[in-house]
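In order, the protein sequences belong to chains R and L.
Going by our numbering, the residue at position 403 of the first sequence is 403; the numbering climbs one at a time, nothing skipped.
Going by our numbering, the residue at position 63 of the second sequence is 63; the numbering climbs one at a time, nothing skipped.
None of these hints come from the bench; they were simulated from the model.
It is possible that some hints are incorrect.
What follows is a list of derived Cβ distance ranges for each label pair [claimed, not checked]:
#, chain 1, residue 1, chain 2, residue 2, range
1, R, E49, L, T374, 41 to 49 Å
2, L, V370, R, K128, 49 to 57 Å
3, L, S296, R, E52, 54 to 62 Å
4, L, S56, R, N260, 34 to 42 Å
In this text, all values refer to a predicted model and were calculated from it rather than measured experimentally.
From the three backbone atoms N, C-alpha and C, an ideal C-beta is built for every residue, glycine too.
2 protein chains.
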Amino acid sequence: MARYVLKFGGTSVANVTRLQQVAHIIKRQADAGHELVVVVSAMAGITNELVEYAHSLCPDKLSPEHDVVLSSGEQVTSGLLALALSQLGLQSRSYLAWQVPIQTDNTPSQARITNISTTHLEECLKQKRIPVVAGFQGVNAEGRLTTLGRGGSDTTAVALAAALKADRCDIYTDVDGVYNADPRSVANARKLSHITYAEMFEMAAQGAKVLQARSVELAMKHNVKLRVLSSFVETEGTDIVKERENVESTLVSGIAHSQNDVRITIKNIPNEATSMATIFSYLVENSIPIDMIVQSGVEQESVDLTFTLLHSNLERAQHALKEVHKTVAYSQLDIDTDIVKISVIGVGIRSDLNSLHLLFKTLAAHNISVHLMTTSEIKLSVIIDKNHMDMALNALHQAYQLERVTPQ
Amino acid sequence: MARYVLKFGGTSVANVTRLQQVAHIIKRQADAGHELVVVVSAMAGITNELVEYAHSLCPDKLSPEHDVVLSSGEQVTSGLLALALSQLGLQSRSYLAWQVPIQTDNTPSQARITNISTTHLEECLKQKRIPVVAGFQGVNAEGRLTTLGRGGSDTTAVALAAALKADRCDIYTDVDGVYNADPRSVANARKLSHITYAEMFEMAAQGAKVLQARSVELAMKHNVKLRVLSSFVETEGTDIVKERENVESTLVSGIAHSQNDVRITIKNIPNEATSMATIFSYLVENSIPIDMIVQSGVEQESVDLTFTLLHSNLERAQHALKEVHKTVAYSQLDIDTDIVKISVIGVGIRSDLNSLHLLFKTLAAHNISVHLMTTSEIKLSVIIDKNHMDMALNALHQAYQLERVTPQ
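Given these sequences and hints, build the entire structure.
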């Protein structure tokens, strides 16, 4: 008998029929004698609808009331799935975050789990009942509801797997595993049988939607075995593991892309010691994370600053930068929303000059200009124009010979 | 400065624009210096949608998971209204039932409030913040969510008004007050400026949708001043009071009707001591409340039993009565769904033979047959065919001279 945490995402629970299919998947695992804890997301589309309501009433996302509104979607799914399980003769009950409790810090919309009490869930398992936990939500020290950010149900599942010492955390989704590029853009994209935590983290952080990056980070930290698989078709999924089993495998494991970024350029900033500090303090105070940064003209009287941030933070960033202008007299603010970030992922890629060279050579051969670039131990990321996206993805997939990767 | 509980129903908070209008109503009261506690229902239509989801997965309404699913609607509204208030510069925060807490017993879908702790709400008021409480929901002794039955937000509002010793509880709805008959059926229906608790209770219990009957009962018990008014138009509403101020006013205060009932007749039940006990024990065990009952042929070998129950309980009732048949060999089960219950309401009506006579005389004059009838201190109710509804309502309205009632 093993203990598994099973997580079902939004498309897996999108309607009553899907919920019944999910109940059958759970029943098969229960009939096999496994101890199960289930985590659910909101039904597909619900969270977007709730975000829209809340946003049209109050664009300031940092109110804790946004979390109250948003967390209702997972409550509905947990109750409905418990009902569907009861119809199959399985004993179960729903758990909301405050009932577990799953405690978090106090950051609205982006809370981090600080503690999970397992007493109630262990008691539930002892009674041979299947707990169905509402994902994405938590409760802070004041007893108010919080949410864990988009895709936060993955984090709930991994955190529960760690706290309950589960043998594995299975993430059921609408794709049948992790691909080395987005199959919708790259025809030759291949499903991976294994990928390391580090690579999966970068794939997720750079735009692969299959898992929330933070959940991978958490799995890596607590050494939780992760598996990504489909709730729609029965095929082998992808295991996310500590180290690649096949050391012969190629350096580059995949290509991710994200269309969620916006590029902002602030022109002719007075080159004074306080200028940059002021700009960044306004962004930090308004909780606007920025990603890639480039500063030009450091030796001159004025400098230009270019950076990217999430499209969803653009409105607040514009507001903050208008405030900045009262003390830092820059001349112009350019905003480019027609960009895409493409990342080549592979452990140790930064120290491999060939990979870097291949990236620029391939893009140049297709006349694709690079607006910004960053590197990390494990990825090379570039910002290019959005209309070059599919061309770049396919060219890079071929250049890094990803279609020939032997199944790992 | 007065302390008011303001309750806004489903159509009052149906969309973002409506929520903003409600926020303006609240602001006017706050600007007038009043201390306010707000209670909200789910946005119109949401609860029905959730009921449908839950019902299609599991028709057994008695699972506590139904309550988990259903209570999410009020959570959304409370968060959204708190956001709308913040945009008008009003300090507020949402409260879910478990955060207050509003404690209830353990009856799924029909829980009763057992205790309300006012500490957190008083603290919130002290900080000059407006609490926006999610109606309809509670939390039981095990810390699980419960719901108070359809229209339960009215009960939440009245119970809070009693617990917080509020000066009045204002129920905002989509009608501008309580009418002495349904204006959609009776053209001469008149709005009442006052009505007694007892009369309002019967009006609500007999089908007037403006208030949940239990909330009126609770208001009467705790002497909470109630006012029904419109969130759509600014007019005077109806005050629900202890005693009629105008003792000269007519005996009959209004006519209510309900189309939610079904009439069941069980034919040829063996006239044994245990027969009736068996039938009623099955209904009680399955939590199926029945309303009007008539038994015929008591002196014979077999008897017929006729009673009415809510349409929503019909499916479960049929199931229970099939079980009954295994031990009580009745010959036939007749079900009539095309009925309407019409009730004439007035304090002391039972002891007034003229009222009773007028009822039968009027119906007979229009060739309307009465299938069943019951009386109480305060009402006369009859079951007639649905296709006679409008004719009966208008005829009775005229017979009892309700269009001539002087404003009370």
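Evaluated hints:
no. : hint                          : result
1   : E49(R) - T374(L): 41 to 49 Å  : holds, 46 Å
2   : V370(L) - K128(R): 49 to 57 Å : holds, 55 Å
3   : S296(L) - E52(R): 54 to 62 Å  : holds, 59 Å
4   : S56(L) - N260(R): 34 to 42 Å  : holds, 36 Å
In summary, the structure agrees with every hint in the numbered list given earlier.
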